[in-house]
Amino acid sequence: MSEQLHYALFTGCTAKQSTPELLSSTLAVADKLGIKITILEEASCCGASHLQDFDEFLAHVLNARNICYAEKLGLTMITICNTCQLNSAMTKHALDKDPELKARVNEKLAEVGLEYKGTSEIKHFLYAIIDEYGLDNVKDKVTNPLSSFNIAPFYGCHNIRPSELHGSSNGNENSYNPTSLDSLIDALEGIPVDYAHKNKCCGFHVELQANHTSEVLAGNAMVDAIDNNADMMVTPCPLCHLKMDTYQDSVGKVVGRDIALPVLHMPQMVALALGCTEAEIGLKFHVQKAKQIFSEAQPA
Amino acid sequence: MSANSAGETRKVTIKAFRFNAETDYLPSYKSYTMEVGKDELILDLMNKIKWEHDGSFSYRRSCRHGICGACAIKVNGKAVLACKQNAIELLDLFDNEITLEPSSKKRAVKDMIIDKGDFWEKHAAVKPYVVADVEPRPEKETKQSIAEFNNFLDSDLCIQCGACHYSCPALEVNDAFLGPAAFAAAYRFTVDTRDTAGKERLQITSESAQGVWDCVKCFECAEACPKEINPIEKITKLHNMQFEQGVAVSNVATRHAEGFLRGMKKHGFLDEADIVVYSEGYLGMYKHLTTAFKMMKAGKIHWQDGVPFIDNMPKIKNLDEVQKLIEISQTNKL
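Quick mapping for you: the protein sequence lines, in order, are chains A and E.
Note that the first sequence ends on residue 310 in this note's numbering; no numbers are left out.
Note that the second sequence ends on residue 335 in this note's numbering; no numbers are left out.
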């Protein structure tokens, strides 16, 4: 690569709290690939669609503030959570197409000395790796091919829908037949599992208020992956990860099946193939036992 | 697959879901081989099956112009209006392997034809019409500004095809859920300045199980709508209007939305432990104890999390900006 890639990283809340393994594996992967990362330490929560339900204007103001900090650095903002990606992109989209809303938001931001301009792109790390770093370049860095694993890609709603909003930022992925994660698994020499629920909802967002719905949706997806011989699932979204890794016992009871399926974050999978350390990959932070995957992935 | 000399048609074998509720115990899939031209629609393919292969193949069709909503089906799980969807486009997307299925297999009556009773029942439940006391011989016109009209314009384009309704995974699990089409209709009439039943609709759509709080936020409805209405955008607006008009009551769902600000004011981040405790209430926490214990064991959460007076949370830089912006921009209250 002629020029070093440099991104502003919007960590989101989960990577700073319940999924530290997501942050450590992301930074380890960036380091191995020679991608420079500046963490946006000023960035707040994206609202995760729930603050948007309460007060949409306020959510736009706070998301615009986050984007301002990437704009100040003159960098593309990358996300490592599908819901951060969607909510940040929705604010960008709303402000860029509606000058009146942008002016109202900027009036508030001026009070803290900021201005939203609309100059930074917003991209999930998955698509930065695929569309900007390039899968061929990733292939060259693989030290531990994942050839002994059947890996079920779980795309997560907010990276692929609504496709019109994501546009080129997700490589124009088709939400009905997404391919990015599959091709990443291919590049790491893993075996992608084809199953109908790969682009479906995990139920995370109604975990509290509609628990049965949430459990059935997560269960349907995991059972489908298991029935298609998955050894593990991989997802670019820490919220999908939390729903599916943490609740396997209760989900199993609801759908009437024993479920024991490690659910990896996308950067953890890449980190395994690139030979990152056990601490960086952080499989010990999983509720469903996943530590064995690290030793299984080491070359014989 | 083969192309003719001009490369204008493509020979493909398509599969179709076949079922007759009166005679069949289980559905089956049958294959039909045909030439498909570049301008042909999915509706043309269904016509070919019926006219050239099997006259008993059944589907709904009427306007052929994307306005009656009768011909909505699914192709490889993707909701389409058969009279609007180019066939080659889908053949390209799915590597020439396409399967025609009804919008909802479990509601199939015959082949592509489904019983849409649940759709109409839920649509009717939100009073999808202007409720107003109108004089039989009014003295003046009821005027509406262009801005007021534009407020509901896109949601008024709904053709009740059911594409969003039958793509909604929440509705597949939760029979009470009114679904995206009903919510888009509720929004359309609630923001109509001539209407007087807005609060009633907000009440109907705020009830747990049937209302907007059971939406799983998958955006399948936005993706499925052939008229680009974006139902989930209307769902978000209904949520906001419930707070604006004082319809929202304090419960686990509304506290979950409003409670994001608690952590953000203190740390800039959502406080993951606090949001569960605040939404559920201390008594509701018993449901989460097993999970909390497992997460603690894995190091995902810590014993200090959520304990008052122990600050175990990371903080963002320039937190004062977020506090100030919340103070000056917040418009809604619970």
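Hints in this document: simulated from the structure, not taken from any laboratory.
Idealized CB from N, CA, C, for every residue including glycine.
Take the hints with a grain of salt, since some may be wrong.
[Said to hold, decoys possible] Part of the chain A face toward chain E, derived, beta carbon under 10 Å:
#, residue
1, Gln62
2, Ser157
3, Ser260
4, Leu271
5, Phe295
6, Phe304
Hint by hint, here is what the structure shows:
no., hint, verdict
1, Gln62, "holds (6 Å)"
2, Ser157, "violated (25 Å)"
3, Ser260, "holds (8 Å)"
4, Leu271, "violated (15 Å)"
5, Phe295, "holds (5 Å)"
6, Phe304, "violated (15 Å)"
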